[in-house]
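Asker: Whenever a hint applies, use it, and build me the whole structure from the sequences.
Just so we're aligned, residue 0 is where the sequence shown starts under numbering that gives the first Met the number 0, counting upward by one.
Hints are computed from structural coordinates only; laboratory data are not their basis. Be aware that one or more of the hints could be misleading.
Unchecked claim - Estimated spans, in silico, between C-beta atoms of each pair:
#, residue 1, residue 2, range
1, 74, 98, 14 to 22 angstroms
2, 48, 149, 14 to 22 angstroms
3, 162, 183, 24 to 32 angstroms
4, 182, 86, 21 to 29 angstroms
5, 130, 86, 17 to 25 angstroms
6, 38, 175, 20 to 28 angstroms
7, 45, 113, 26 to 34 angstroms
8, 109, 181, 20 to 28 angstroms
9, 113, 77, 14 to 22 angstroms
10, 142, 69, 36 to 44 angstroms
11, 176, 143, 39 to 47 angstroms
12, 167, 73, 17 to 25 angstroms
Stated by the list, open to error - No more than 25 angstroms apart at the CA atoms, straight line, and that leaves these computed lysine-lysine pairs for DSS-like:
#, residue 1, residue 2
13, 89, 28
14, 135, 28
15, 28, 133
The structure displayed is predicted, hence computed values, not measured ones. Yeah, the Cβ is synthetic: ideal placement off N, Cα and C, and Gly gets one too.
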Amino acid sequence: MRPVFLVTGCLIDTTFIPGRWKIRDMLSKFNVWCGIFNDRLIGPVFYDGTLTGQRYLELLQDVITNFVENLPLHQLRIVWFQHDGAPLHKISNVKQYLIEAFQNQVIGYGGFVEWPPHSPDLTPLDFFLWGHIKGKVYATPPPTLHDLRRRITGACASVTPAMLHNVQREIQSRVQMCIVTNGEHFEQDK
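Answerer: Here you go:
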């Protein structure tokens, strides 16, 4: 049986100023979390303010516990959880939760199964999802924070199972490119 992956990550850690974006300001800040599992998008999950280790753990517990509980055992045994090397992902209680939830089948940095150093080339959220969402969300500047959230929700809803099947096929070719480049960044060559 082929392993399946639950790939997760955050999209926006920014502030909103009507009509434009400004990074690292303190007006209105929120984050968006999404996951991809086979042909299914999980999320978006919104959370306001600064993301701390405890808040990230609580988010994972809310979303992942529900996901794992509803997954047939034969699928749970072959699921690998993948996330990037963000500092919050390396906090001990987050790592412990993921190790227990996914039976040590966790890809990341800092004690997990490590991924090549230029993993954005291999991570579906980075090479597909965030670009897809941002293309729809930023087509015109959203007039309000509420509209921004609505656009993100709509962009996520526009992701179809067929699109995610194509993403899965793309991962295979990207792994081959990573091997050819000896683990180096290859996105510009694609």
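Asker: Against this structure, judge whether each hint is valid.
Answerer: Against the structure, the hints come out as follows:
1. Take residue 74 and residue 98: their Cβ atoms lie about 18 angstroms apart, and the range 14 to 22 angstroms holds.
2. For the pair residue 48 and residue 149, the beta carbons lie near 20 angstroms from each other, so the given range of 14 to 22 angstroms is met.
3. A hinted range of 24 to 32 angstroms for the beta carbons of residue 162 and residue 183 is consistent with their spacing of about 28 angstroms.
4. For the pair residue 182 and residue 86, the beta carbons lie near 23 angstroms from each other, so the given range of 21 to 29 angstroms is met.
5. Checked against the hint of 17 to 25 angstroms, the pair residue 130 and residue 86 passes, with Cβ atoms roughly 24 angstroms apart.
6. Separation of residue 38 from residue 175 is about 22 angstroms and conforms to the stated range, judged on CB atoms against 20 to 28 angstroms.
7. Between residue 45 and residue 113 the beta carbon distance is about 30 angstroms. The supplied range of 26 to 34 angstroms therefore holds.
8. Between residue 109 and residue 181 the C-beta distance comes to about 23 angstroms, which sits within the given range of 20 to 28 angstroms.
9. As the Cβ distance of residue 113 to residue 77 is approximately 20 angstroms, the hint placing it in 14 to 22 angstroms holds.
10. The supplied range of 36 to 44 angstroms is met by residue 142 and residue 69, whose beta-carbon atoms lie about 37 angstroms from each other.
11. For the pair residue 176 and residue 143, the supplied restraint of 39 to 47 angstroms holds, since their beta-carbon distance comes to about 41 angstroms.
12. Distance hint check: the CB atoms of residue 167 and residue 73 are about 19 angstroms apart, consistent with the given range 17 to 25 angstroms.
13. Note on residue 89 and residue 28: the hinted pairing holds, with a Cα-Cα distance of about 23 angstroms set against a maximum of 25 angstroms.
14. Taken as a hint, the residue 135 and residue 28 pair is honoured in the structure, with Cα atoms around 20 angstroms apart against an allowance of 25 angstroms.
15. Distance restraint check for residue 28 and residue 133: the Cα-Cα separation of roughly 17 angstroms lies within the 25 angstroms cut-off, and the hinted pair is therefore satisfied.
The earlier numbered hints are all upheld by this structure, with none contradicted.
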